[in-house]
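Generate the whole structure from the sequences, applying the supplied hints.
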Amino acid sequence: MKKRIVIIGNGMAGARTVAELVQRDPELHITVLAAEEHAAYNRTMLTEVLSGSVDEGEIALSEARGAATVATGVRAVAVNRKSRTVVDSTGVEHAYDALVLATGGSPRVPGISGLFGDSGEAGDSGELGDSGELLEGAAFFHTLDDCRRIMRTAEPGSRAVVVGGGVLGLETARALVARGADVEVLHADKIVMNRQLDQPASDIVVRKLTALGVTVHLGCTITRVAGDRGRVRRVRMEDGTWIPCDLLVLSCGFEADTALAEAAGLPVGRGVLVNEDMRTSDSDIYAVGDCAELGGVVSGLVGEAWQHARIAAEAITGVRDEDTPVTIPPAVTRLKAPGVELTVMGESNAPDGPNVYAVEEPDRGAYRRIVLREGRISGALVLGGEESDAAPFIEHYHAGTPMTRDKVMRLLRLEGIAEEAARKDADIAVCYCNNVPQRRILEAWSQGSVSIAAIARSTKATTGCGICRGKVEALLASAGSAAE
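Residue numbering for the sequence shown follows our numbering, starting at 1 and increasing by one per position.
Derived from the structure by calculation, the hints contain no laboratory data.
If you're wondering where the values come from, they're calculated on a predicted model, not measured in any experiment.
Among these hints, one or two may not hold up.
Computed spacing ranges between beta-carbons, pair by pair [said to hold, decoys possible]:
no., residue 1, residue 2, range
1, T401, A479, 28 to 34 Å
2, L144, M409, 43 to 49 Å
3, R152, G448, 35 to 41 Å
4, E386, D239, 38 to 44 Å
5, A67, V92, 33 to 39 Å
6, K82, D228, 48 to 54 Å
Computed list of lysine to aspartate or glutamate pairs in EDC-like fashion (alpha-carbon distance at most 20 Å, straight line) [claimed, not checked]:
no., residue 1, residue 2
7, K2, E27
8, K190, E238
9, K208, E387
10, K407, D352
11, K471, E443
12, K208, E341
13, K82, E93
14, K208, D363
15, K407, E395
16, K2, E314
17, K2, E93
18, K2, D97
19, K82, D284
20, K3, E27
21, K3, D282
22, K2, E238
23, K471, D145
24, K208, E443
25, K208, E238
26, K471, D389
27, K190, D363
28, K208, E395
29, K471, E347
30, K3, E58
31, K407, E341
32, K82, E262
33, K82, D97
34, K407, E360
35, K2, E36
36, K471, E387
37, K471, E361
Just so you know, even glycine gets a beta-carbon here, dropped at the ideal spot from N, CA and C.
Put into structure tokens, the structure is as follows:
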């Protein structure tokens, strides 16, 4: 009898888990319960869909599915560990030999009065929407449906407020400007992207965003949302200031979705607790991606979610892919906001100290910072300049290269970087999420993969965090020009 695998969730972690399982054992009986109506897609590229730089069709995931059954628009509502079954929202029971929770996370809901139409403000119509539902014009930004909802309101000349100045909030603000909206970002901290940036970097980013048409308010909190006829019309800040808006986008972080696991009696913390094999306390149940807590960490990073998928697939099948190097992708984030060239990795905003080095070039709007631990880069920040400037920082961070103070300062000043890159280009990873070097991309091009979509199918490059998309486009253009 075929081993029965049930996967709850069809996001990037769930879809990759299917691919890893199928690669190891094509005979598995795999069922995927997908709450969203859509086929699996790359959630990290939604801001590019919002900006109009990428079409919806381009973010579909090309993961191998084999004979897996994917039930879209079907939620898992209960897990019965005793009978080893999952009940879905249509009432069907699915028996499993191994269950994988890939439930992801949900947007964190801020405590703002009136957001759900549950309180009024003197002078408003009182028609703020149905209690328990967001006002029309207010939206979280987590799914493709959220993206579509935002696009319906974000017309040229519309007034948009984005709550949250983290990575997603700033990318959203830049995308809305690209759609012609007037955008204001409200951020509670004094530093934008405060989990990644220090004060000097934040100051430069804010100046760049301002020049692009984004107004940034720091150290402020929204206390109330007011509307008219069920639509959001304005927000009030803590100091009493009202800001008018047609669109309110909430980008306040996410929380791991642990409800199913908790109801099934599995231990949870910030996420579903798992061991090094991604197993929960129940040896037949695994958790991967944003819902999993491994070693006290809920990462939220695509590369780590894919590592989870590989590890879980190996544990379920007992088959290890000896030909694929086991690499842990570096925790690299690139801000996808045209006009603000920013790449950060690791503990990039560690406090200043004897092992923290920085170089600022005010005339270029550039700033670079390196944090060392035990003589190796544990964090770095590359702001301004060219996208390619970040490549050697990522390489040394990923490889754990021993660094002297002199080598750090040469790197920060970009001395000799071009020559070094030219020597190593062929073998340097272009796509870190999937460990795809330039050489492999050019080989795929020579074999007929001449578009981004084809490269994604043949190498998986560009299907992760999206950092490498521009670089892959440039490689394809260069290869095409050389062939003419």
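Taking the hints in turn, this is what the structure says about them:
no.: 1; hint: T401 - A479: 28 to 34 Å; result: holds (29 Å)
no.: 2; hint: L144 - M409: 43 to 49 Å; result: holds (45 Å)
no.: 3; hint: R152 - G448: 35 to 41 Å; result: holds (39 Å)
no.: 4; hint: E386 - D239: 38 to 44 Å; result: holds (40 Å)
no.: 5; hint: A67 - V92: 33 to 39 Å; result: violated (19 Å)
no.: 6; hint: K82 - D228: 48 to 54 Å; result: holds (52 Å)
no.: 7; hint: K2 - E27; result: holds (7 Å)
no.: 8; hint: K190 - E238; result: holds (15 Å)
no.: 9; hint: K208 - E387; result: holds (16 Å)
no.: 10; hint: K407 - D352; result: holds (19 Å)
no.: 11; hint: K471 - E443; result: holds (15 Å)
no.: 12; hint: K208 - E341; result: holds (10 Å)
no.: 13; hint: K82 - E93; result: holds (13 Å)
no.: 14; hint: K208 - D363; result: holds (13 Å)
no.: 15; hint: K407 - E395; result: holds (14 Å)
no.: 16; hint: K2 - E314; result: holds (17 Å)
no.: 17; hint: K2 - E93; result: holds (18 Å)
no.: 18; hint: K2 - D97; result: holds (10 Å)
no.: 19; hint: K82 - D284; result: holds (11 Å)
no.: 20; hint: K3 - E27; result: holds (8 Å)
no.: 21; hint: K3 - D282; result: holds (17 Å)
no.: 22; hint: K2 - E238; result: violated (59 Å)
no.: 23; hint: K471 - D145; result: violated (29 Å)
no.: 24; hint: K208 - E443; result: violated (38 Å)
no.: 25; hint: K208 - E238; result: violated (26 Å)
no.: 26; hint: K471 - D389; result: holds (12 Å)
no.: 27; hint: K190 - D363; result: violated (24 Å)
no.: 28; hint: K208 - E395; result: violated (27 Å)
no.: 29; hint: K471 - E347; result: violated (25 Å)
no.: 30; hint: K3 - E58; result: violated (33 Å)
no.: 31; hint: K407 - E341; result: violated (23 Å)
no.: 32; hint: K82 - E262; result: holds (15 Å)
no.: 33; hint: K82 - D97; result: holds (12 Å)
no.: 34; hint: K407 - E360; result: holds (17 Å)
no.: 35; hint: K2 - E36; result: violated (27 Å)
no.: 36; hint: K471 - E387; result: holds (9 Å)
no.: 37; hint: K471 - E361; result: violated (24 Å)
Of the numbered hints given earlier, the model fails hints 5, 22, 23, 24, 25, 27, 28, 29, 30, 31, 35 and 37; all others are met.
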